[in-house]
Amino acid sequence: MTRVRILEQAAEEAIEAAAWYECERPGLGAEFAQAIEAALDLLEEEIVPLTNLPGQAGREGAKRLVLSRFPYDIIVRQQPEELIVIAVAHHSRRPGYWRKRLRT
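Numbering (our numbering), first residue to last: 255 to 358.
Keep in mind the hints are simulated off the structure, nothing from the lab. What you were told as hints is all true, and nothing was included just to trick you.
Pairs of lysine to any residue, SDA-like flavour, derived with a Cα cap of 25 Å: (1) 317 with 349; (2) 354 with 332; (3) 354 with 257.
Pairwise CB distance ranges, derived in the manner of DEER restraints: (4) 262 with 299: 18 to 26 Å; (5) 301 with 259: 14 to 22 Å; (6) 322 with 270: 19 to 27 Å; (7) 314 with 278: 29 to 37 Å; (8) 255 with 277: 30 to 38 Å; (9) 314 with 345: 16 to 24 Å; (10) 314 with 262: 18 to 26 Å; (11) 350 with 270: 17 to 25 Å; (12) 315 with 265: 15 to 23 Å.
Think of the CB as a built atom: it goes at the ideal place given N, C-alpha and C, for glycine as much as any other residue.
Please build the complete structure, drawing on both the sequences and the hints.
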């Protein structure tokens, strides 16, 4: 089992996205939150392989888990003893904004 640590900024992104979905349709925010929780469980259990990110981010150890229902990635950095969730990033909004967090 892998330890997963979530940066505060990533947690805030997930909360904000869930709130937005909830405003769009009651109950959808809870479904988004459940999708995030399920993805984090998969990361902890090492059930799914992570996709390497291209370019400098990938060379710095950034990987992603793509959510299947929502247009979001869970961006992580693999460390020897843990996975650090550095962003819950929308596929097309502000690409790469999280890159500065790789050094956290």
